[in-house]
Amino acid sequence: VLCHRLVYLHVFIMHCQSNAQKLLRERLCHQKLPDRPVGLDSQYKHLLELLRRTAVHGESNSILIVDPRGSGKTMVRSIKRCTPLLMTRDKIALKEITRQLHLENVVGDKVFGSFAENLAFLLEALKKGDKSSSRPVLFVLDEFDLFAHHKNQTLLYNLLDVSQSAQTPVAVVGLTCRLDVLELLEKRVKSRFSHRQIHLFSSLSFSQYVDVVRAQLSLPPDFPDPKFSDEWNHSKLCEEKSVEEILKRHFNASKDFCALHSLLFLAVSRVSVSRSTLREADLLEASRLISADSKANVLHGENLETDFYYRHDFSISSL
Amino acid sequence: MSRYITRLRMRRAYKWNGRPVSKDRKLKRQYYESMSISVEGKTEDVTVSLGQYILIEGDDDDNPFVAQLLKLYTDDSGKKKTAVVQWFVRMCEVPQNKRKLLGRDPHPQEIFFYQDRSCDNEVDGETILGAVQIEYVPVEDPFPKGKSKGILFVKLLWDTKSFRALNPELMQPPQSSKSPPPSSHGTQTRALPTPDLSVMKRAMSGILTRGSMSTGKMSSSEAESLHSASKLSAAKALSAKRRSRAVSGPHVRKKLDLCSPSKNMTRDDVLGEILDEHTEKTLTSKLNTSPTGRISISIRLTRLNLNEEECVSPLSSHSPDKPRLTAYDKDDATRARTPSRRKDALREPALAALAEEEHEYSPVQTAATPCSKRKSAQLESSRIRKQLNLLGNTVDLQSDGEDGDDDDCFVPAKIDLQSSSDEEEEAKIDSEDELIVKKRRGSGTSRSTEKTRVSARTPRKTPSKKTAPATPRTPRHATPSIPSRSAPAKKPGNVLEEARVSCQKLQETTVLLVDELDLLWTRKQNVMYNLFDWPTRRNARLVVLTIANTMDLPERIMINRVASRLGLTRMSFQPYTFKQLQQIITSRLNRVKAFEEDALQLVSRKVAALSGDARRCLDICRRATEICEHSGSQKNSSGLVGMSHVMEALDEMFSSSYIAAIRCASVQEQLFLRAVIAEFRRLGLEEATFQQVFVQHQALCRVEGLQPVNVSEGLTVCQRLGSCRLLLLEGSRLDLFLRIRLNVSQDDVLFALKAD
Numbered sequence: 011v012l013c014h015r016l017v018y019l020h021v022f023i024m025h026c027q028s029n030a031q032k033l034l035r036e037r038l039c040h041q042k043l044p045d046r047p048v049g050l051d052s053q054y055k056h057l058l059e060l061l062r063r064t065a066v067h068g069e070s071n072s073i074l075i076v077d078p079r080g081s082g083k084t085m086v087r088s089i090k091r092c093t094p095l096l097m098t099r100d101k102i103a104l105k106e107i108t109r110q111l112h113l114e115n116v117v118g119d120k121v122f123g124s125f126a127e128n129l130a131f132l133l134e135a136l137k138k139g140d141k142s143s144s145r146p147v148l149f150v151l152d153e154f155d156l157f158a159h160h161k162n163q164t165l166l167y168n169l170l171d172v173s174q175s176a177q178t179p180v181a182v183v184g185l186t187c188r189l190d191v192l193e194l195l196e197k198r199v200k201s202r203f204s205h206r207q208i209h210l211f212s213s214l215s216f217s218q219y220v221d222v223v224r225a226q227l228s229l230p231p232d233f234p235d236p237k238f239s240d241e242w243n244h245s246k247l248c249e250e251k252s253v254e255e256i257l258k259r260h261f262n263a264s265k266d267f268c269a270l271h272s273l274l275f276l277a278v279s280r281v282s283v284s285r286s287t288l289r290e291a292d293l294l295e296a297s298r299l300i301s302a303d304s305k306a307n308v309l310h311g312e313n314l315e316t317d318f319y320y321r322h323d324f325s326i327s328s329l
Numbered sequence: 003m004s005r006y007i008t009r010l011r012m013r014r015a016y017k018w019n020g021r022p023v024s025k026d027r028k029l030k031r032q033y034y035e036s037m038s039i040s041v042e043g044k045t046e047d048v049t050v051s052l053g054q055y056i057l058i059e060g061d062d063d064d065n066p067f068v069a070q071l072l073k074l075y076t077d078d079s080g081k082k083k084t085a086v087v088q089w090f091v092r093m094c095e096v097p098q099n100k101r102k103l104l105g106r107d108p109h110p111q112e113i114f115f116y117q118d119r120s121c122d123n124e125v126d127g128e129t130i131l132g133a134v135q136i137e138y139v140p141v142e143d144p145f146p147k148g149k150s151k152g153i154l155f156v157k158l159l160w161d162t163k164s165f166r167a168l169n170p171e172l173m174q175p176p177q178s179s180k181s182p183p184p185s186s187h188g189t190q191t192r193a194l195p196t197p198d199l200s201v202m203k204r205a206m207s208g209i210l211t212r213g214s215m216s217t218g219k220m221s222s223s224e225a226e227s228l229h230s231a232s233k234l235s236a237a238k239a240l241s242a243k244r245r246s247r248a249v250s251g252p253h254v255r256k257k258l259d260l261c262s263p264s265k266n267m268t269r270d271d272v273l274g275e276i277l278d279e280h281t282e283k284t285l286t287s288k289l290n291t292s293p294t295g296r297i298s299i300s301i302r303l304t305r306l307n308l309n310e311e312e313c314v315s316p317l318s319s320h321s322p323d324k325p326r327l328t329a330y331d332k333d334d335a336t337r338a339r340t341p342s343r344r345k346d347a348l349r350e351p352a353l354a355a356l357a358e359e360e361h362e363y364s365p366v367q368t369a370a371t372p373c374s375k376r377k378s379a380q381l382e383s384s385r386i387r388k389q390l391n392l393l394g395n396t397v398d399l400q401s402d403g404e405d406g407d408d409d410d411c412f413v414p415a416k417i418d419l420q421s422s423s424d425e426e427e428e429a430k431i432d433s434e435d436e437l438i439v440k441k442r443r444g445s446g447t448s449r450s451t452e453k454t455r456v457s458a459r460t461p462r463k464t465p466s467k468k469t470a471p472a473t474p475r476t477p478r479h480a481t482p483s484i485p486s487r488s489a490p491a492k493k494p495g496n497v498l499e500e501a502r503v504s505c506q507k508l509q510e511t512t513v514l515l516v517d518e519l520d521l522l523w524t525r526k527q528n529v530m531y532n533l534f535d536w537p538t539r540r541n542a543r544l545v546v547l548t549i550a551n552t553m554d555l556p557e558r559i560m561i562n563r564v565a566s567r568l569g570l571t572r573m574s575f576q577p578y579t580f581k582q583l584q585q586i587i588t589s590r591l592n593r594v595k596a597f598e599e600d601a602l603q604l605v606s607r608k609v610a611a612l613s614g615d616a617r618r619c620l621d622i623c624r625r626a627t628e629i630c631e632h633s634g635s636q637k638n639s640s641g642l643v644g645m646s647h648v649m650e651a652l653d654e655m656f657s658s659s660y661i662a663a664i665r666c667a668s669v670q671e672q673l674f675l676r677a678v679i680a681e682f683r684r685l686g687l688e689e690a691t692f693q694q695v696f697v698q699h700q701a702l703c704r705v706e707g708l709q710p711v712n713v714s715e716g717l718t719v720c721q722r723l724g725s726c727r728l729l730l731l732e733g734s735r736l737d738l739f740l741r742i743r744l745n746v747s748q749d750d751v752l753f754a755l756k757a758d
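Those protein sequence lines, which keep their order, are chains A and B.
Under this note's numbering, the first residue of the first sequence is numbered 11, with each subsequent residue one higher.
Under this note's numbering, the first residue of the second sequence is numbered 3, with each subsequent residue one higher.
Possibly wrong hints are sitting among the right ones.
Claimed, not checked - Label pairs and their computed distance ranges (CB to CB):
| id | chain 1 | residue 1 | chain 2 | residue 2 | range |
| --- | --- | --- | --- | --- | --- |
| 1 | B | 82 | A | 197 | 51 to 61 angstroms |
| 2 | A | 225 | B | 697 | 34 to 44 angstroms |
| 3 | A | 225 | B | 756 | 27 to 37 angstroms |
| 4 | A | 51 | B | 574 | 42 to 52 angstroms |
| 5 | A | 197 | B | 98 | 28 to 38 angstroms |
| 6 | B | 709 | A | 51 | 30 to 40 angstroms |
Stated by the list, open to error - No farther apart than 25 angstroms at their CA atoms in a straight line, the calculated lysine to aspartate or glutamate pairs in the DMTMM-like style are these:
| id | chain 1 | residue 1 | chain 2 | residue 2 |
| --- | --- | --- | --- | --- |
| 7 | B | 595 | A | 59 |
| 8 | B | 44 | B | 26 |
| 9 | A | 55 | B | 688 |
| 10 | B | 756 | A | 266 |
| 11 | B | 163 | B | 128 |
| 12 | B | 30 | B | 112 |
| 13 | B | 608 | A | 196 |
| 14 | B | 581 | B | 520 |
| 15 | B | 44 | B | 107 |
| 16 | A | 305 | B | 737 |
| 17 | B | 100 | B | 46 |
| 18 | B | 526 | A | 196 |
| 19 | A | 197 | B | 557 |
| 20 | A | 305 | B | 650 |
| 21 | A | 197 | B | 520 |
| 22 | A | 55 | B | 628 |
| 23 | A | 161 | B | 650 |
| 24 | A | 251 | A | 235 |
| 25 | B | 595 | A | 193 |
| 26 | B | 608 | A | 193 |
| 27 | A | 55 | B | 61 |
| 28 | A | 197 | B | 653 |
| 29 | B | 17 | B | 107 |
| 30 | B | 147 | B | 107 |
| 31 | A | 55 | B | 631 |
These aren't lab readings, by the way, just hints derived from the structure by calculation.
Every residue gets a Cβ at the ideal spot worked out from N, C-alpha and C, and that includes glycine.
With the rest of the complex left out, here is chain A (with noise of 0.2 angstroms):
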């Protein structure tokens, strides 16, 4: 009896445990995103603002943000995806478009003529419509950059146009992490942008991104298991010296979630069975792995490779 409680006492620590590690690899890896971005609430205050009167008072807006790689300019789509903004009745249309113009970043010259006519379908939908009676529509750009980099621009030129006349209520955002993306515009393209720009520059202190940190980690309060969700969650993981040496490193190099997520993909990857919590060991080695110069390992790799090559070319010519 007291073996089978045992092997059962197991197979629950081992649920728990894949569990957790489950959660937390889905967190880290497929971008699950916090709520609210952090750090930057008056930013993120004015993006909603801005959205808000397009979307009450029908006023067109267009709007840049300007931010590096990684510092949550996802959000922003995550932030579309909740607002019903982008039911639209030609919401086919938009897609169709949008398909369209991504294809056109690879495929280059060979969509052509449908690209003419669904812009200008897209177009006189958008101008059909006027202030009152018509849907605001949001258009979101990830890598705004790239559009400007299009022949004419005239994408750029058409959403901006439309949003800068009395049509239908638009709401074009661009997102870019370059910083000198006006400079890209034409100029007519350049006077019909309103000219505002949110940079999301991560003003993160060291505590801050700990905090981060530890919020990533932590299981959730609906964890199944409550004992092994304590257990978890008040591991003193983070205010271990040798931890917190390894996060003010990767501070220092990034303030960026991305290269977080990956450290601690790495660690959280390393618990197993045997260690069911986190410790700093893994940390250790998953920053270890991280910061490796890849070169120097290459070359580690080479001088065995291109020995057993050498000898490999010497025995075959000798043969």
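For chain A, the structure is supplied; the task is to place chain B on it using the hints.
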């Protein structure tokens, strides 16, 4: 009455009735009083004569055009029959967007007197379908019921802008014989016998109710009235001749002098002449003082025709002593009826036209923004210049397809166009000209007004196509509306031909507005070539207005054959000054007190100093109001947008993000930037390879007490800075030999780093 519905592709034969009543040797025209139309398969002919209301073949068989016949003449060869008409419009011909101006549902049989001086009133005589009955209904009266369907009612006048009450006297056929005699009130002052009542009545109720009118009968009754007051009519005839002399050109006067029998004038003649002189003076002074007076003048002049009919026209047939005179007089008087009178007022055409311009635009000012006003004013002035040039250049006149007219008629007609309603202004340029309008960025308002202009005057007759070159991705896609590349020579002709056919009645001018011309550039420049080639064609009646924001576009991108087709008129727009910007904002605010004066001035001055972009200006104002709205709840401020808000908005818009970006960068990124600058200083160059910078970077790390980064990390940092464009990098395949440049000035970087 022959119903027009029965006209189903029937062959009609046209034939003059009687001999020509007069002849114009100069124009080689012979004038007739009536024409008979015999329809195949019908026994009785339909006769139409002067003053009668007629139906003219149009593109809509159910609703043929309605007009009043004013003149009938044939040209030298005697083959081409031409009719001069006064148009009436049906409701369906009024532009869709103007129909609600009527304020009520139109009666199905209602038509409107059409008053538009730009409208061509000469039609081919063989397009006349037959006569129709028109009844004048006073404005306040209801439409008569139970009448035949064939009768049309006219109640109002449509002057292309609004419906107005129609003066029934306008409906009287302006007699084609003599020039206008003294006005009706003049007759009363001189206690002349009042006009024959029967004649009056006939004129009022529309002469044409009698299906056909025999000239003999008419002239006999009028001859009677002539004999009863022969002397006075002689005086009138004399004075009329004088008047026509005043209004007609110099060579006309010469001829008139030759055949004028004014040697022996009686006392009455002199008196009549003095009186005439008086009325003329008042007319002229009125003309000079108020430009608007002109419209009323033309009305007054036509009003006189009542008397003409009574006592002047008989001269044409029954005064053997002056047969020649009438011939000349008649033509000149009628032709000069409206346009030539203007000559009095327009002795200095340019000045007068300009003055007129000011007046014409004053009512629009309130509605349009200042910039659109300015733009149109410039357009106008350039047009005046152009027309003045044209006046001295007969070759140009000929090429406009106005060969039929002689010059003195042409001149006032040209200037006449200037005085037309501002909305139609652009449509009425008879000459073809192309302008390149240099566009300053942010002139959105002017653009939109122009757009509406094009569309506003697009009744079903005017084929106005607007090409928006930015919509199609390449100029090739713009070509469906413009001729395709494959047949560049043939297609535009077809388009124009179609346009002309559809404009058969109202030969309106087409304005083609092309925005963002530089996007229409192709390697062979076929699109541009055709665009500018169209207006050079004969009878094109096309104005091509193109807009671009490059100052030297023709010199820079156009090849010779395109550039040579481009008109000379080039208009460049300077950036807005702060005053204009301020005006724009105030006009947009529409008298809402939302901004402090100083705040407005700050915005406009700041923008004017930087770019003069009106859109930017408005954007800043918008942002400032938002900021004010947010802060307004906290402070107990006045609620107006003040300086502080504007300053905040300006800071937001104009502040460089580079410094903020550097400040928020991670420690290693900042160190790397520092290393870049250190390396630049060491090299004395503005460029370094990654290898060199990396050495510096590692040294700096040691100085700062950080663990030195390895190459991979260093390169990651470098790339991240490159993606923000703080650094300009080469392709990463170069690895260690990647060359690095700063995209910001060194001072900025140092400033940003020091502030930490």
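Hint consistency between residue 197 of chain A and residue 520 of chain B [alpha-carbon to alpha-carbon, up to 25 angstroms]:
holds, 12 angstroms
Between residue 595 of chain B and residue 193 of chain A, is the straight-line Cα distance small enough, at 25 angstroms or below?
violated, 36 angstroms
Measure nothing beyond the straight line between the CA atoms of residue 595 of chain B and residue 59 of chain A; if it is 25 angstroms or shorter, mark the hint as holding.
At roughly 24 angstroms apart (the allowed maximum being 25 angstroms), residue 59 of chain A and residue 595 of chain B satisfy the hint.
If you draw a straight line from the CA of residue 756 of chain B to the CA of residue 266 of chain A, is it 25 angstroms or shorter?
Distance ~23 angstroms between residue 756 of chain B and residue 266 of chain A Cα, so the pair holds.
Can you confirm whether the C-alpha distance between residue 30 of chain B and residue 112 of chain B stays at or below 25 angstroms?
violated, 38 angstroms
Between residue 44 of chain B and residue 26 of chain B, is the straight-line Cα distance small enough, at 25 angstroms or below?
violated, 35 angstroms
Would the pair residue 581 of chain B and residue 520 of chain B pass a check requiring their Cα atoms to be no farther apart than 25 angstroms?
The given pair, whose Cα atoms are some 30 angstroms apart, is violated under the 25 angstroms limit.
With a cut-off of 25 angstroms on the C-alpha distance, tell me whether residue 55 of chain A and residue 688 of chain B pass.
At roughly 41 angstroms apart (the allowed maximum being 25 angstroms), residue 688 of chain B and residue 55 of chain A break the hint.
Residue 608 of chain B and residue 196 of chain A were given as a pair; does the straight-line alpha-carbon distance stay at or below 25 angstroms?
holds, 22 angstroms
Given the hint that residue 197 of chain A pairs with residue 653 of chain B, does the C-alpha gap stay at or below 25 angstroms?
holds, 21 angstroms
Residue 526 of chain B and residue 196 of chain A were given as a pair; does the straight-line alpha-carbon distance stay at or below 25 angstroms?
holds, 23 angstroms
Is residue 161 of chain A within 25 angstroms of residue 650 of chain B, Cα to Cα?
Violated. Residue 161 of chain A to residue 650 of chain B sits at ~35 angstroms, over the 25 angstroms cutoff.
The structure does not agree with the numbered hints 8, 9, 11, 12, 14, 15, 17, 20, 23, 24, 25, 27, 29 stated previously, though it agrees with the rest.
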